[in-house]
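*Asks:* Given only the sequences and the hints, what does the whole structure look like? Please build it.
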Amino acid sequence: MKYFTEPNGIFVIKIPVEWQYKNNIAGIGEVSPFSFELYENICGAFQISCYSESEKAINTNIKVQKSNTQNLEFAERRMDGGGFNMHLWYAIVDGHSFMAKYIYSTSKQNSKKVKVELEKAKKALSTLELVSIENRELALEFDKYEKFMASLCASFDLKNKALESKSPIELLVIIANQIDAYLRIAIVLKKQLTEKTDRIDTKLLYQGESDVPIMERKIYKQALELKIITQNVFEKLEFLYGQRNKVIHRYIISEFKTRNLFEIVYEYEVVCEKVRLSLKKIEDLQFAKKIGLHGGDRNPNDDPKEEHVNMLYSQINDKHLIKKIYRKIKY
206 MKYFTEPNGI FVIKIPVEWQ YKNNIAGIGE VSPFSFELYE NICGAFQISC
256 YSESEKAINT NIKVQKSNTQ NLEFAERRMD GGGFNMHLWY AIVDGHSFMA
306 KYIYSTSKQN SKKVKVELEK AKKALSTLEL VSIENRELAL EFDKYEKFMA
356 SLCASFDLKN KALESKSPIE LLVIIANQID AYLRIAIVLK KQLTEKTDRI
406 DTKLLYQGES DVPIMERKIY KQALELKIIT QNVFEKLEFL YGQRNKVIHR
456 YIISEFKTRN LFEIVYEYEV VCEKVRLSLK KIEDLQFAKK IGLHGGDRNP
506 NDDPKEEHVN MLYSQINDKH LIKKIYRKIK Y
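Everything in the sequence shown is counted per our numbering, starting at 206 for the first residue and increasing by one.
FYI, nobody ran anything at the bench for these hints, they're computed from the structure. Since the structure is predicted, the reported quantities are computational estimates derived from the model, not experimental observations. Be aware that a few hints might be false.
As a list, the in silico EDC-like pairs of lysine to aspartate or glutamate whose alpha-carbon atoms are at most 16 Å apart [unchecked claim]:
| # | residue 1 | residue 2 |
| --- | --- | --- |
| 1 | LYS371 | GLU278 |
| 2 | LYS271 | GLU339 |
| 3 | LYS271 | ASP299 |
| 4 | LYS524 | GLU339 |
| 5 | LYS219 | GLU351 |
| 6 | LYS535 | ASP299 |
| 7 | LYS318 | GLU242 |
| 8 | LYS529 | GLU421 |
| 9 | LYS494 | ASP403 |
| 10 | LYS486 | GLU511 |
| 11 | LYS441 | GLU421 |
| 12 | LYS528 | GLU245 |
| 13 | LYS524 | GLU351 |
| 14 | LYS479 | ASP385 |
| 15 | LYS371 | GLU488 |
| 16 | LYS535 | ASP502 |
| 17 | LYS327 | GLU278 |
| 18 | LYS528 | GLU512 |
| 19 | LYS219 | GLU512 |
| 20 | LYS451 | GLU430 |
| 21 | LYS494 | ASP508 |
| 22 | LYS219 | GLU334 |
| 23 | LYS271 | GLU258 |
| 24 | LYS528 | GLU242 |
| 25 | LYS408 | GLU351 |
| 26 | LYS396 | GLU430 |
| 27 | LYS328 | ASP406 |
| 28 | LYS426 | ASP385 |
| 29 | LYS219 | ASP348 |
| 30 | LYS327 | GLU281 |
| 31 | LYS401 | ASP348 |
| 32 | LYS271 | GLU351 |
| 33 | LYS306 | GLU324 |
| 34 | LYS441 | ASP385 |
| 35 | LYS535 | ASP507 |
| 36 | LYS352 | ASP406 |
| 37 | LYS396 | GLU488 |
| 38 | LYS328 | GLU242 |
| 39 | LYS441 | GLU488 |
| 40 | LYS408 | GLU488 |
*Replies:* Quick look at the structure:
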């Protein structure tokens with residue numbers, strides 16, 4: 206299963222890795238109800254809504270439960286009609302109303318697949334948790350971190366496509382993105398070590414539409430100041446940054462030759478590997494000192510379990526939203 210975090214950190218729920226979040230795809234926006242359905246062979250839809258008591262009156266006939274608690278008790282109902290069957294679940298938690306639905310065509314009411322999906326819905330609801338106000342920032346930190354890592358992994362799918370098609374400009378852009386990502390997470394991890402904290406500085410990992418951008422050259426400088434990269438690597442990154450800008454902005458209006466593109470791509474890839482190894486050292490140090498994102502029991506050098514691979518693949522698919530490059534999930 207994978208986590209879904211409400212956009213404001215109000216609640217978290219684990220959903221099956223084979224379910225896809227639909228709000229963004231359908232253009233509904235990040236508001237209740239939050240909708241999910243299978244990536245393929247869709248047979249129904251799961252929706253969950255959450256409203257504070259200021260948004261929607263609370264049903265006083267339903268037991269009030271505590272935040273930061275899973276395995277909530279739900280009142281269950283059916284509402285069938287108009288060619289659709291609907292299973293509903295209600296719960297009241299610390300001034301918030303939860304309502305979940307599983308909807309499917311009446312023609313599929315005897316389908317084994319629908320019955321399986323209903324069991325998945327109930328399992329997901331057992332993980333539902335209203336996050337207390339003081340814990341919401343932390344929930345959002347982990348959500349942004351997971352999305353950052355999924356995006357980094359998704360970039361390798363694009364990189365492989367660019368390699369297959371021998372597209373140097375595309376490779377140039379992707380590798381530069383990967384270097385920037387490695388350095389950003391390395392800075393976050395290094396600060397965790399220095400400050401002896403597990404908190405995640407997400408300013409480097411996520412940039413919203415209204416956020417002030419932190420440009421890659423500033424990232425290079427921060428990485429140098431924190432001794433994540435050497436002066437030689439810093440100077441090489443600065444040089445390649447200039448070369449890349451020539452390609453992006455002046456390829457047509459300059460004497461720049463296509464053959465030079467492949468040389469720059471190679472140089473970028475060499476530096477990218479050096480930066481990745483610098484990141485690995487910091488990850489290993491966190492594990493040794495038991496501080497930060499890698500301070501737990503799992504050694505970052507160990508092979509991941511299949512359930513973690515499936516979760517990552519699902520998150521990568523959510524990043525792409527293109528079926529022809531979806532990764533196969535085992536479930």
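*Asks:* Could you run down the list of hints and mark each one as holding or not?
*Replies:* Verification of the hints:
{"no.": "1", "hint": "LYS371 to GLU278", "verdict": "violated (56 Å)"}
{"no.": "2", "hint": "LYS271 to GLU339", "verdict": "holds (14 Å)"}
{"no.": "3", "hint": "LYS271 to ASP299", "verdict": "holds (6 Å)"}
{"no.": "4", "hint": "LYS524 to GLU339", "verdict": "violated (29 Å)"}
{"no.": "5", "hint": "LYS219 to GLU351", "verdict": "holds (14 Å)"}
{"no.": "6", "hint": "LYS535 to ASP299", "verdict": "violated (37 Å)"}
{"no.": "7", "hint": "LYS318 to GLU242", "verdict": "holds (13 Å)"}
{"no.": "8", "hint": "LYS529 to GLU421", "verdict": "violated (31 Å)"}
{"no.": "9", "hint": "LYS494 to ASP403", "verdict": "holds (12 Å)"}
{"no.": "10", "hint": "LYS486 to GLU511", "verdict": "violated (25 Å)"}
{"no.": "11", "hint": "LYS441 to GLU421", "verdict": "holds (14 Å)"}
{"no.": "12", "hint": "LYS528 to GLU245", "verdict": "holds (9 Å)"}
{"no.": "13", "hint": "LYS524 to GLU351", "verdict": "holds (11 Å)"}
{"no.": "14", "hint": "LYS479 to ASP385", "verdict": "holds (13 Å)"}
{"no.": "15", "hint": "LYS371 to GLU488", "verdict": "violated (33 Å)"}
{"no.": "16", "hint": "LYS535 to ASP502", "verdict": "violated (25 Å)"}
{"no.": "17", "hint": "LYS327 to GLU278", "verdict": "holds (11 Å)"}
{"no.": "18", "hint": "LYS528 to GLU512", "verdict": "violated (21 Å)"}
{"no.": "19", "hint": "LYS219 to GLU512", "verdict": "holds (13 Å)"}
{"no.": "20", "hint": "LYS451 to GLU430", "verdict": "violated (27 Å)"}
{"no.": "21", "hint": "LYS494 to ASP508", "verdict": "violated (20 Å)"}
{"no.": "22", "hint": "LYS219 to GLU334", "verdict": "holds (9 Å)"}
{"no.": "23", "hint": "LYS271 to GLU258", "verdict": "holds (15 Å)"}
{"no.": "24", "hint": "LYS528 to GLU242", "verdict": "holds (14 Å)"}
{"no.": "25", "hint": "LYS408 to GLU351", "verdict": "holds (14 Å)"}
{"no.": "26", "hint": "LYS396 to GLU430", "verdict": "holds (12 Å)"}
{"no.": "27", "hint": "LYS328 to ASP406", "verdict": "violated (32 Å)"}
{"no.": "28", "hint": "LYS426 to ASP385", "verdict": "holds (12 Å)"}
{"no.": "29", "hint": "LYS219 to ASP348", "verdict": "holds (12 Å)"}
{"no.": "30", "hint": "LYS327 to GLU281", "verdict": "holds (11 Å)"}
{"no.": "31", "hint": "LYS401 to ASP348", "verdict": "violated (21 Å)"}
{"no.": "32", "hint": "LYS271 to GLU351", "verdict": "violated (27 Å)"}
{"no.": "33", "hint": "LYS306 to GLU324", "verdict": "holds (13 Å)"}
{"no.": "34", "hint": "LYS441 to ASP385", "verdict": "holds (14 Å)"}
{"no.": "35", "hint": "LYS535 to ASP507", "verdict": "violated (20 Å)"}
{"no.": "36", "hint": "LYS352 to ASP406", "verdict": "holds (14 Å)"}
{"no.": "37", "hint": "LYS396 to GLU488", "verdict": "holds (12 Å)"}
{"no.": "38", "hint": "LYS328 to GLU242", "verdict": "holds (15 Å)"}
{"no.": "39", "hint": "LYS441 to GLU488", "verdict": "violated (24 Å)"}
{"no.": "40", "hint": "LYS408 to GLU488", "verdict": "violated (20 Å)"}
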